[in-house]
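These are the residues of each chain, in order.
2 protein chains.
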Amino acid sequence: MAIQSNNNGNNNGAQAKNSAPQMKWWGWGDEDKRFNIDDKPTLWPFLCKKLGVEGELVETPPVSINDIEMPRQNLNEAFFTAIKDKLRPEQIHTDKKDRLVHAYGKSFRDLWRIRRGIVDFAPDCIIYPESEEEVVTLLTAATEHQVIIIPFGGGSNIAGCLEVRDVNGRMVVSLDMKRMNQVLELDEESCTARIQAGVLGPDMEAQLQERGHTLGHFPDSFEFSTLGGWVATRSAGMQSDKYGKIEDMVVSLRMVTPSGTIVTRSVPKASNGININQLCIGSEGILGVITEATMQVHPLPEYWGVFGYLFPDFELGIKAIHECIKKECRPVFVRLNDAGKTQLSFAFKSHSTPFKEWVASGMKAYLKKFKGFDMDKVCLMLTAFEGDYDLYQEQRRKVDAVYKKYQGFYLGRGPGRAFERGKYDFPYIRDLVMDYNIMADVSETSTVWSNLHNLYKKTMDHLDKAISDTGVVPFLGCHISHSYFTGTSLYFSFGCQQVPGKELQQYLYIKKAAEDSFINNGGTLSHHHAVGFEHLPWVEQDISPTGVKAVESLKKGLDPMGIMNPGKILPNGITLEEWGLSDADIRELENRQSKTPTQAS
Amino acid sequence: MAIQSNNNGNNNGAQAKNSAPQMKWWGWGDEDKRFNIDDKPTLWPFLCKKLGVEGELVETPPVSINDIEMPRQNLNEAFFTAIKDKLRPEQIHTDKKDRLVHAYGKSFRDLWRIRRGIVDFAPDCIIYPESEEEVVTLLTAATEHQVIIIPFGGGSNIAGCLEVRDVNGRMVVSLDMKRMNQVLELDEESCTARIQAGVLGPDMEAQLQERGHTLGHFPDSFEFSTLGGWVATRSAGMQSDKYGKIEDMVVSLRMVTPSGTIVTRSVPKASNGININQLCIGSEGILGVITEATMQVHPLPEYWGVFGYLFPDFELGIKAIHECIKKECRPVFVRLNDAGKTQLSFAFKSHSTPFKEWVASGMKAYLKKFKGFDMDKVCLMLTAFEGDYDLYQEQRRKVDAVYKKYQGFYLGRGPGRAFERGKYDFPYIRDLVMDYNIMADVSETSTVWSNLHNLYKKTMDHLDKAISDTGVVPFLGCHISHSYFTGTSLYFSFGCQQVPGKELQQYLYIKKAAEDSFINNGGTLSHHHAVGFEHLPWVEQDISPTGVKAVESLKKGLDPMGIMNPGKILPNGITLEEWGLSDADIRELENRQSKTPTQAS
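In order, the protein sequences belong to chains A and B. Start counting the first sequence at 1; every next residue gets the next number (the working numbering). Start counting the second sequence at 1; every next residue gets the next number (the working numbering).
Please keep in mind that the hints were generated in silico from the structure rather than gathered at the bench. Misleading hints may appear alongside valid ones.
Copies of the same chain are indistinguishable here, so a pair counts whether it falls within one copy or spans any two.
[What the hints assert, rightly or not] With a straight-line Cα cutoff of 20 Å, these simulated EDC-like cross-link-like pairs (lysine to aspartate or glutamate) come out:
#, residue 1, residue 2
1, Lys327, Asp390
2, Lys327, Glu302
3, Lys398, Glu328
4, Lys465, Glu69
5, Lys326, Glu188
Work the whole structure out from these sequences, hints included.
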């Protein structure tokens, strides 16, 4: 990535960068980057074993872009006439590649379709605004000429927030915000920064860090997601334990809606009626376009370190996290893998030397013999500390004491270094396994401490059953990476071999099992991935029918013509069949196990 | 106060308490309690001196209740018929005293009117629901029969949230929530408690503390305000530095609206679209009735102490607070008085012994001579610590080091003890001074650190000018009592002798100066007192016209008949004259100084 701030902070469209990198159309990340499995000799064998793969896997690469037939392009001439004097021609793209890149996010459903060249809908046009004024122009023209606007940040969303839905014959514009990418102001005394919404994570951090500050927001998608996207989806970064979720960092914002521009004030707290920031945060583009936000930022810490610990089981690791919180001792991040995820983590290890192997096996033997660890149950905990020297040392000392109490075994800096090296690479794996007809996905939720074990256990059981139902062997894992005073997130990863000819339905059948479990067992439909289209069937149960009515009211009031990102957040009575899974599919999938005593291959 | 939990937590209306104390109709607090000035020998002389009082003040007590003519009572028979089988007769009150108690909150405008027997509007009926089911019944009947509902908690609001406005001939019911007063569940593991919204502060804390927990929310109004009121107005308590504002403590809630009941889930964080909790928090009764909330609670701390410090000036005190925050060292509360407020605080001292006097004068001499303190500029800082022994000591040690750096002089526990004794008594003073035609009020805001001095200075200047304009001598003071990473609150207190015959206009002229200054100098219209009616003229500037439109959309969607607390939050183009201050008043008041070279008496 070579994204650099080259602007003096002047909010002048003409100075903004004219091009920003797009992710590959068919998968995650940079066009020229693939997940490097060659330096991880144990990973593929681990996956094959876990997934019950026997024999050679069939390779199914994405189709060629030339073979994809794009949906008919609907170009609304009146709209273009209205905007043509306000934007430069090169801000308006209508070519196939750009339409393809903006057709989907990166959910499993998205990737499965695009890899097969299934593009039933795509934006007709992509526009790259360079100032808020241009966004206002575009929304005004769109309102007048009945054009749909889908705000687009980095394109990393995995909840279906970006896809074209409920068009009703209208032209669709994907509004790519990436040229609005400047840190406009930094108030070092107040620790606030006014930042344009289209800036990608690395570009924003470069601009802030140049001046000694950080937002402290590092989601897995960091390299390919934007501030506006984070705010619109209530994103959480790896360091949320210290810095909070994105909604905790927004001091004020500006959001252009079809009914005018919402502007809030940069004050730390207020009692000025309903919190207007909070109406915009999480609105997923259905009310308007977030153009900038003033964010709480932090001076860069002097010291920083990530350390690994091994716990005998998930429960003890959870207890250790909880006790740290109760003692008001908050490392900057704490990430606890369950046993399944721990085994996956260890399978990521790179080529080793005989000496390292010898040390590792010695450690294992020691843990088994002297600590009584069952190596099938051990859980890896990564914990990061930062601050000035005193704070850093004090936190480490306190955490060490608590972890020891719960039999945490200190592994040193090795696991932390490995995590730091590969922390943004995880999403690339999915492209690799999809080449071999393996489904891999994630679903995450949160709950209170007293319900954590129940929700974890039930969801693992439901996922295990759902995948097994479809006649294949499940891989399951879970980690906790966002902890709060009252509870934590639970982030489930699941994978299996695909059922040929029913790949998407199989996926949805499994996804449904996760979401049903969240909603029926005291969780929420998502902790930080958004509602989008993927989670529509569970919205009403999550926020109650009257809660949905409240969101509908906002939609009706601020976007009366329904031009903003239709078909997201609001369920509008969606059925499972409309979501992609018919009763017949369910019946067929839930009985596959009995029909296929050996797994598909 | 003898409020005790006597219920086993069963959410059964029949078991709820049938009576709850009401504040006196004409002033603050318990009917039989007055502010005790006799044990504060220096307070009255201090006030007289500050306010330029010469000679005897005229005493103007409140009128007798018998002399008050109530507005015509509008009883909607169809409504009563609809509800009569669902509630017991004694839940429905229509007597004069109850109407009077529920006619107003406790703003200066409220008290000034009621003390003079000016009651142009009052609720026609007061209903005391005992369950959410009854609230639903009432809102359903109210919608059908066009009856207005004003939710009423403790009645302590000072922003005009409770008064009858925009009735259009409809009957008005004040919905007094005080019988819904139970802590229904305590989840000790998750530190959450499900609590009915009508519970008063002391009752709630008694129920929680009995089981070893606290909400940690102690606003000045604590004794006479309710959980529902706090949530509906985005309240802040004295310990917000540690525990947060009320909006930070809400895990989930239930709000009955005319369009159904909003129910959210008890999860620590979510990404399920727009945060529905946040649509209800701060809604000030215009969307519905909050019936219960699940709140984050905390185990009672083992150690607790409040200490006093003296700083040479306000700026150094502010710097000390800011540095503690930057060092992640957060006492449970920090309260810094400016010089004016410090002098007022010291005037509260009780009868002293010659020895104490001698010590105090010795300390003053020492501070002047050896520390170079200017006693007209010194600022009192109260700082509270809590936690287990280690945390408590560690915080004290850290804070002491920072305070020393900024020349903070340690005063020991004395000022803290005095504060603890009288912390809920402050609102009683206003009744006392109003007996003598002295206006006393507060306005509070917040801003970021870099703007703190500017906003403080400008607002002090504007208040000074506004009060002086009206031909009287101002008393002004300010304190900081809620600090955040990006800024703090600023809480202004102001008082003066009243202009006979123009008391209310004079007050509004001064109030306007404060609010204008907040809005024109980077503040917000209120940090924790709500919009209500008092702050309507500044809403649109604070949250932007499109922000207002968003709130209007919610109102229209959830309360289409407009029965919920009309005339609050939404400005609807209100003019200053409709607010109570005509152009003629302004012209007359701003020129009074030149006409009255000596102050009124």
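Handout entry: Intra- versus inter-subunit Cα pairing at 20 Å for Lys465 with Glu69
Key = Classified as neither: same-chain Cα gap 38 Å, cross-chain 73 Å, threshold 20 Å.
Which holds for Lys326 with Glu188 at a C-alpha limit of 20 Å: within a copy, between copies, both or neither? between (31 Å within a copy, 12 Å between copies)
* Please work out whether the CA atoms of Lys327 and Glu302 approach to 20 Å or closer within one copy, between two copies, in both situations, or in neither? => between (24 Å within a copy, 12 Å between copies)
Between the shortest in-copy and the shortest cross-copy C-alpha distance, which are at most 20 Å for Lys398 and Glu328: within, between, both, or neither?
Cα proximity of Lys398 and Glu328: in one copy and across copies (10 Å, 15 Å).
Q. 20 Å Cα cut-off: does Lys327 pair with Asp390 within a copy, between copies, both or neither?
A. Answer is both: 18 Å inside a copy and 10 Å across each meet the 20 Å cutoff.
In summary, the one numbered hint that this structure violates is 4.
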